[in-house]
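Visitor: The primary structure of each chain is shown beneath.
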Amino acid sequence: MGPALCRSRILEYPMTVSTTTWLREQVRPVRRLLVAGIASGGVQAVLVCVGAWLVAHVLDRAVLAGGGLTRLWPFVAALVLIALARFGLSLWQRRATFDAGAQVSDNVRNALEQRMRQLGPRWAVQQSSGDIVTRCVDGVQALVPYYAGYLPQVALTALIPLLILLAVLPADPWSALILLLTAPLIPLFMVLIGDTAERASQRRWSRLRRMGARFMDALSGLTTLRLCRATAREEALLAASGEAYRQETMAVLRIAFLSALVLEFFATVSIAVLAVLIGFRLMWGTLGFEQGLFVLLLAPELFLPLRALGTQRHRRMEAAAAAEDLVALLAVPDGTTSVEGAVTAPVIFAARQIALAFEQVDFGYEPERIVLCDVELEVAAGTVLTLVGSSGSGKSTLFNLLMGFASPQRGCIRANGQDLASLEMNSWRQHIGWVSQRAHVFHGSLRDNLLIAAPTADETRLQRALKAASLRSVVARLPQGLDTPLGEHGHGLSGGERQRLALARAWLRDAPLLLLDEPVQHLDAVTAAAIDVAIDALAEGRTVIRIAHRLDNLADDARVAVLADGRIVEQGLVGELRALHGAFARLLATDCAA
Amino acid sequence: MSIQASSTEGSFAVLRRLHGLMREQRGWMVFGAALAVLSTLSGIGLLAVSGYFITSMALVGAGGAAINYYTPSALIRLFAILRTGGRYGERLVTHEATLRMLARLRVWLFARLVPLAPAALGELRSAELFSRLRADVDALEHAYLGVLIPMLVATVVMVVVVVVSLIYLPWLALPLLLLFLFGGGLLPAWALRQGRVPGATVVACNETLLALAADGLRGRAELALYGAEKAHADRLAAVVARQRRAQRRIDRLQALGSAGVMLSAQLAAVSALLLGLSALRGGLLGGPDLVMLALLVPAAFEAIAPLPEAWTQLASTLVSARRVFALADTPVPVPEPSQPSPSPSIRQHDLSLRGLRLRYGANGPWVLDGVDLDLPQGRHIALVGASGAGKSSLIGALTRLYPSEGSVTLGGSALDAWHGDDLRARIGVVEQRPYLFDASLRDNLRLARPDATAEQLDHVIEQAQLSDYVTGLPQGLRTWVGEDGIRVSGGEARRIAIARALLADPPILLLDEPAEGLDAGTVADLYAALRAAMVGRSVLLITHRLGGLADMVDEVATMRDGQIVDCIPVADYLARFDFSRGNEASFPVSTCCW
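Chains as they are written, first to last, in numbering that gives the first Met the number 0: chain A, 0 to 593; chain B, 0 to 593.
Just to be clear, a hint being listed does not mean it is correct.
[Stated by the list, open to error] Once the Cα atoms are required to be at most 20 Å apart in a straight line, the calculated SDA-like pairs of lysine to any residue come out as:
id	chain 1	residue 1	chain 2	residue 2
1	B	Lys229	A	Ala453
2	B	Lys229	A	Gly87
3	B	Lys229	A	Met402
4	B	Lys229	A	Thr455
5	B	Lys229	A	Glu423
6	B	Lys229	A	Asn425
7	B	Lys229	A	Asn106
8	B	Lys229	A	Ala110
9	B	Lys229	A	Gly480
10	A	Lys466	A	Gly480
11	B	Lys229	A	Asp447
12	B	Lys229	A	Val136
13	A	Lys466	A	Ala527
14	B	Lys229	A	Val440
15	B	Lys229	A	Gly443
16	B	Lys229	A	Ala527
[Stated by the list, open to error] Negatives, chain A to chain B, calculated, CB over 12 Å:
id	residue
17	Ala175
18	Cys372
19	Glu375
20	Gly416
21	Val474
These are calculated hints, taken from the structure and not from any lab test.
Where is the CB? At the ideal position from N, CA and C, for every residue including glycine.
With the rest of the complex left out, here is chain A:
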């Protein structure tokens, strides 16, 4: 497949069957609101007919019978009432359909949130691109106009011309016949508009977007362009591509607008033909003026909904594009990562000290891809176990299992003899402090970010946590201290600072089990030393499992488990293992040579 092809696949969103079905399914809970909105539109169309008759009647009396205001004023007053009623009804219609759209988007958002919760952290961290976030937030928004605007308009486009035909028929069957001759063309228009024109306008949009993408691509790579001295050429290319896109797009548009031209042609010509025919029949006296005028007033209304539908079409395209993403996300397979709700009567876990045991644990995120195999480990309460192994050997997976983000396929993990699978997860997780390599910085202040680990901590405790994690200098740098919103206007946290944030959270957590993922990040010497001291202080008296990336500074009496391809290949004290010239010694050697 050529690049052009594979790009157009991304940029054009054909309404696939599943997307269409999904969009339709979302209607169910809001059907009442939509029906109310559509009914309101229908009533307004009836009022339009009544209004047209009133105007025709008044003018007929005035012009032909010399009637004056004294006799005709009730009709004019009725017109004012109708105007007010249409005003109120149209407001009400918008209200109902907006609520329908809003409700659908709320439902979808809740479903998404629930889905993300089910998929759990393992899935979440895999989503490296922030794209998915934007797509979901914007995508959920894009659903609103579809349900609030497009869908009701589709129904009204089918309903209103029918109502008007019914009104015209008794007044003047001949005119009704002419309109009826154009009426079968209306579904044809709908097909024209809904199909040919949609494809054409999709092509047009994809071209516009492609050009936009190229422009944004050039801006993103501006530094590289400057370094390569390619800016002048890129400018010329941008101008040329703009010109090329214009020509291509216009070629498409000339055809795309044809279907609109056909609609316009029929709308205009049928009015002209009606007017001329009505005029002559009036002259011959075969038609009443009131009836003729009534038809002429109503004829344009027949085509209005079709035009309105044309302006709503982009909403359908946007909703379809959004639905594609949302459906894909909602349909992510569960895998084996979900653990919640597996046990019928979960046990509340409570302990001061934790001893851990892995018993013949097998685990794979997908059944055929084993990550951990037959893992046997014991960590006595209050001791430290260091995990080493090359990347991908299963170290972080072990942490995921311990935190309950995944559960073993075979074997079990016991804390103080209790199987983790039988525990109430939140009560278990409360016993874990986790120092990740890079803590996630949540939207909010540094205070918010600390309190997430210990919502009840008071100011003194927070200050002590900051001191323990060497974060006080960071607070001093922020203009509003702890309460400065992070992530805006450059008040972000560096990689090293995020690691210290993780440390502060673990400190606040004050939990008996500490999971420690050592930093790969390069810190300056002073901070690194301070953090080592803080970690040692924190580890005091707790059960600790640490993932080590640096092997050169492990003490001889540290207990180490070496992981390779999901198996524990060596266990023991560093001093012994080094002398063994086995897996650990090899790891040490390759690590220094790299």
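Since the structure of chain A is already known, use the hints to place chain B on it.
Guide: Same frame as chain A, but now just chain B:
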């Protein structure tokens, strides 16, 4: 200047400037506007003449004198043709104008942004601001179709209709004018003003939503561990509800705007009836003229219908234009010398830095604080130091992408006097995160040398150890890379960047942590590529890794706090480290092998 800051220019100044940018397309724009006016007036004329025609005919049928019915029926046909053809022509021409404008605007903005990158565009790196710029440019492109055309058409129609009513029924002009102004001006302007606060709320909530959704993805592990998932969902729901309320308010206001136009149209029709009936009684107005006016007036208000939307568009166009202009007006951070030495020729390429200083922001700390370094031709120097010591900033200063103080000479010639492009022709850079464009692999490589032959390409591909990779690609060099194309791993991207730099064949090569974040096997390939690339060139290699360094460089320069603290032969430097045991006593801790 930050791109969030809007310029303080008045609305008219902004519009005038926008208009200035569109000057080249003025012919097309005027033509399009004329067609739009023509087709709208034809549509109104068609109805009005039809009304006149059938009434006259009815009066003939009722026993009046025979009339000339050729003229009105010819007019009906003419208006029908003008209406249909005019609409089609209008759409084509206005889109032509828009597309021309779009191409021009992007090229203009690109040219303005080039000298700003990357020093003054730091904030553009954030995806949020980037997508805002994209939306801003889109908004400017739609200014003509969405703002100018509807406003112009409505104004012309209003003038014409008021003049017509002055001729036939002078008193009608007053209510018409008032209702036009109310429905097309006052009401939408009021709605717009009322919508400002909820509008800002919607935008603010959207940003919070994006941040919260990102939290839900990236921070999912922390949320789960700390039992904060429910709190997070609640927070999300609260923001959604707040946004929903604001959106609802905006939707109500918009509904009010369009219902207001409808109401104005019908009140105008009622006024025409009331005033017309009295005039008819008084003999001041003929019957056909009355019917003509009764059909003309409501039809004319259809031209006002798009105005509420246009007002909203105008407001957002102004905001977007201010932001774009503010960005485009950002002072150039590193101005080119007013009279650059014409294509400087130097015989050798000894690079010499004396007292080089650089800081980000006028009050920021000096990131480079007096760097002295000599890089004689052909010498390879590694630059080490903790993160934040200023290593990467040195590249920014040397390539003159960031403003710096102090002296840099190349072959004895002061670089200040050179044009930036001449300078960058001699100093090639392999960035840490090279940007790959959404283009074919070949185009990505040829960026720095568009006229490179196939042999030259093959040569650098081999040097960069990319041969196997390229052969393995389905379409070889024609394979599409970047956003819509194949995924390129970090190691591959850097080797592509190396090939790209080599193709330009610069005498000096700056390499920014080429091995950072890559696994050992990848690094081995990469270093092989680098060794080949470095032959015959001066090289400054920024690195954290000591492994393999002995074969790569002659000297090691250590950087600390923005200065080069020593520069010694690589063997002496490596001798500082004792690899048999982890020895952290020696500086720098962070560059120890891991």
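Visitor: Each hint: holds or not?
Guide: Quick rundown of the hints versus the structure:
Between Lys229 of chain B and Ala453 of chain A the alpha-carbon distance is near 15 Å, which keeps this suggested pair within the 20 Å criterion. Restraint check: the Cα-Cα separation between Lys229 of chain B and Gly87 of chain A comes to about 41 Å, which exceeds 20 Å; the hinted pair is violated. Taking the CA atoms of Lys229 of chain B and Met402 of chain A, the gap is near 18 Å; set against the 20 Å cutoff, the hint holds. Between Lys229 of chain B and Thr455 of chain A the CA atoms are separated by roughly 17 Å; this keeps the pair inside 20 Å, and the hint holds.
For a cut-off of 20 Å, the pair hint linking Lys229 of chain B to Glu423 of chain A stands: about 16 Å separates their Cα positions. A distance of roughly 12 Å separates the Cα atoms of Lys229 of chain B and Asn425 of chain A; the hinted pair therefore holds under the 20 Å criterion. Straight-line distance between C-alpha atoms of Lys229 of chain B and Asn106 of chain A comes to about 17 Å, which keeps the hinted pair within the 20 Å bound. With a CA separation close to 14 Å, the supplied pair Lys229 of chain B and Ala110 of chain A stays within the 20 Å bound.
For the hint pairing Lys229 of chain B with Gly480 of chain A, the CA-to-CA distance comes to about 28 Å; that exceeds 20 Å, so the pair is violated. Between Lys466 of chain A and Gly480 of chain A, the direct Cα distance comes to roughly 14 Å. Compliance with the 20 Å bound is thereby established for this hinted pair. Using a Cα cut-off of 20 Å, the hinted pair Lys229 of chain B and Asp447 of chain A holds, with the two alpha carbons roughly 16 Å apart. Among the hinted pairs, Lys229 of chain B with Val136 of chain A is consistent with the structure: their alpha-carbon atoms are about 19 Å apart, no more than 20 Å.
Taken as a hint, the Lys466 of chain A and Ala527 of chain A pair is honoured in the structure, with Cα atoms around 14 Å apart against an allowance of 20 Å. Between the alpha carbons of Lys229 of chain B and Val440 of chain A the distance comes to roughly 18 Å, so the proposed pair stays at or under 20 Å and holds. Note on Lys229 of chain B and Gly443 of chain A: the hinted pairing holds, with a Cα-Cα distance of about 17 Å set against a maximum of 20 Å. Taken as a hint, the Lys229 of chain B and Ala527 of chain A pair is broken in the structure, with Cα atoms around 35 Å apart against an allowance of 20 Å.
Taking the minimum C-beta to C-beta distance to chain B, about 17 Å, the non-interface status of Ala175 of chain A holds against the 12 Å cut. Under the 12 Å C-beta cut-off, the non-interface status given to Cys372 of chain A relative to chain B holds; the minimum distance is some 22 Å. No Cβ of chain B approaches the Cβ of Glu375 of chain A within 12 Å, the least distance being about 25 Å, so the stated non-interface status holds. With a minimum CB-CB distance of about 23 Å to chain B, Gly416 of chain A clears the 12 Å threshold, and the non-interface call stands.
The Cβ of Val474 of chain A sits about 18 Å from the closest Cβ of chain B, beyond the 12 Å cut-off, so the non-interface label holds.
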